[in-house]
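Count along the sequence shown from 1, add 344, and you get the number used in my numbering.
It should be emphasised that the hints constitute simulated quantities derived from the structure, not laboratory data.
Below, simulated DSS-like cross-link-like pairs (lysine-lysine); rule was C-alpha separation at most 25 Å, straight line:
hint : residue 1 : residue 2
1    : Lys571    : Lys597
2    : Lys1138   : Lys1040
3    : Lys914    : Lys1138
4    : Lys663    : Lys696
5    : Lys976    : Lys1070
6    : Lys601    : Lys571
7    : Lys1150   : Lys740
8    : Lys661    : Lys494
9    : Lys1031   : Lys1060
10   : Lys571    : Lys556
11   : Lys556    : Lys661
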Amino acid sequence: MNLVVMCRGRGQSVSGLNLSWKSASNGSFCSFIFMALTGYKKNDVEYLLYFNFYLNNKELVGKKMNVDELKKQLLECLEAEELDNSQILSLTHKLANTDESKVRFSVDAGVIDRLGQELVARQETAVSELVKNSYDADAQNVTLEFCDSKDIGGTLIIEDDGQGMSREELVHGFMRVSSTSKIHEPRSPIFNRQRAGQKGIGRFSVQRLGRKLTIITQIKNNDNALKLVINWDDYNRDGNLFTVENTLEVIPKIKEKGTILTIERLRDRWSSASIQRVYRYVSDIITPIFPMDDTLEIEEEKDKFVVDFLEVNQGRKQKIADNNIMLYQHAVAVLSGEIDEAGCGWVNIQSKKLKITNEKLQIGYGQDDNQSIFPNIRGVKFKVFYFIFESSLISKLHSTSIRSRLAREGGIKLYRNGFRVLPYGEQGDDWLRLDESVRRRVILIPHGNNNFYGFVELADPENIFNETSSREGLIDNASVRELKNFVHRALVTAVARIGALRGTKVVASQKKDGNAWNDVELRIRNIALSLEELDKEFEGEEKKASRRRAVKKLKKDLSGLKAAHEEEVKKIIQERAMLRVLSSVGITVSQFIHEIKYYMDNIQSDINFLIRELSHSDDQNPYLKRVEILKKNFESFHNYTAYFNTVVSANLVRELAPLNIRNVVNSFISSMQHDAKRLDIEILTPKFNNIFLFTKSMHPSEWSSILFNFYTNSKKAIARQGVDGKILIECGEEDGRIYLEFSDNGDGIKEGNEELIFNEFFTTTAVISLDAIEASNEVVGTGLGLKIVKDIVKSHRGSVEVVSAKAEFSTCIRVEVPKASEKELTDYGL
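Build out the structure end to end from the sequences listed, making use of the hints.
In structure tokens form, the structure reads like this:
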């Protein structure tokens, strides 16, 4: 409405004013603007009345003129030949904000950055979410190329052959925060896959990873592709989310269907280890594609999902992670077998880890004769990868993910004429009675379904093997029984051979002397006994057979067992020696802490006495200043030793209890602050994702040892790098475990040493003697610290590993231990 003021009996309206009034605090300046806009003169009485009205109602007049100006600008935009949609959106938003009776939520553009950091904390999680989005799009092949990414600023290209996105899906799906498409469509349209990606996380994953995103996507029944470019730096704080523009254009198709994400100016460094970690995160959805021999014709599964991870440095590509690198290469051995056209059964053993080039064993139909033929079956072949989950054979880095994968997908699958026969090899199916054999514990070598990953192929042109009418397995007959018998016996014979070469106990009835199998003749007798029991296992209730020929052959192959055992004994001796050293060091530290307490009290008393005496003299007395400096240094030393005094005192109490990691970390930081400050190292405020972070029952000194070893390693790394040091400790709960991440900005860990640093006596800072230590670099290494950490964590069924550091740090070590159970918390009143 118009604002009306009565003067001389006439009504006058004031219009056309804008918000610039509100910035004028000076009356004469307001007067000048008022005259310029209204045409009134100072000597006009009406002007004085109008101006007086304005001074008393500036806010109301400003709002009125602002609304009119917004309407005018909006109308001009709508009548223009080319619509400026961004301007229309901005003006509409401003106009809506002038509504005094209704209010609306607004969204700051900076929310994208905050959501990216908070929803996707780790870079590996971010990439794994993008891979899962490809899975949800029914992709069969995904390739990830990390280009020049060992330093910040590289490029990541993710390409898949999924269904792609239409303009509707791109704009109202990807570009919509908290879209509901995965709620309304929980399964994919082509392969009916259960959606793997978290709802709405994908867009924040790409923002978390890099500063610029280019999406090229195309669908099958469309002649063109869509190209979307997003510069995440445009989403600045204090801006309006709805007014940020992103370029979308139609371009010629690059491929039939699929999506390509190009993420530029990466925010983090990507080592080979961190790339492989992404593979492990998504391994549960990756389809196993066996490295097939040319002679084995297996139909490739249509619903496959294969992911390849590559590093590209200066244009040279190198594969970092795929099924072969992350799974098959970790097998102890590859077992392949066949029943040839003559009916003879064979199993072949190959193992790089055990240095078995190509050992071929014959499996006969008759148990008393390995050379007897199988009467009913021909054209049977199998290929199996055999895994033993021991740290000497599979590193801890890969063991957990491989074990989890085999628990879901392990076993021996069956193919007939190239097509899969169900349910053989499905989870819970024990068609070869391998799990049943493990439960009986007659054979002690690992040989359950979860230790194998492979397939059996039947070439059956004559339809000897027929499927049941319900398509649930083969009709039981003599040929099927022979097949099961052959594969079972071939696998168990092969793993028994592997067990014998490794010097492990094969069957429960083997005898063991006090010298731990160092008598070779005893070993031979045990293996002979083992083979007799294996015969019972192979045929169940069938007649026990002789294995004399196999025993004679095995006797010839036992020469290397003694050397292998002696090597193991050397390792045990080294381990015991290390424990004696650590025990001696611990006793020495304990004695030192005990003795020094007496002297510290006396020194403190003397310092206080000197301060009192010198304080009577001139305040500028140089001796008083020196004594005050001495007092501060001694207080720092006292705080430092107090931490060790607490640790030593805690050792007197042997009881374990759940520990709140918050209290442990805060106490440690408080004790180390003075030492860190002296070395120009800043210990940042620790981060916790929960108030209560109780670990399973542990001893306080164990965490003291873990944190102190991390701290001393960080000090050394920072000193070598020659920078102002920064240390950050982050703790939280994830998947039922308590984690602690210790980060620093030192010189980092050389690639390839990520696992070696946890070995005993591995160090880069050892010196010849104590005299060789410089005062400026008093921290030296013995190579025992991280080995101690590893042993402590493993004793509590936890894990410790080097993980990718965040942008401002160079090293991050992550410890995970189980969290306290409800019973533990109740028992300890927590």
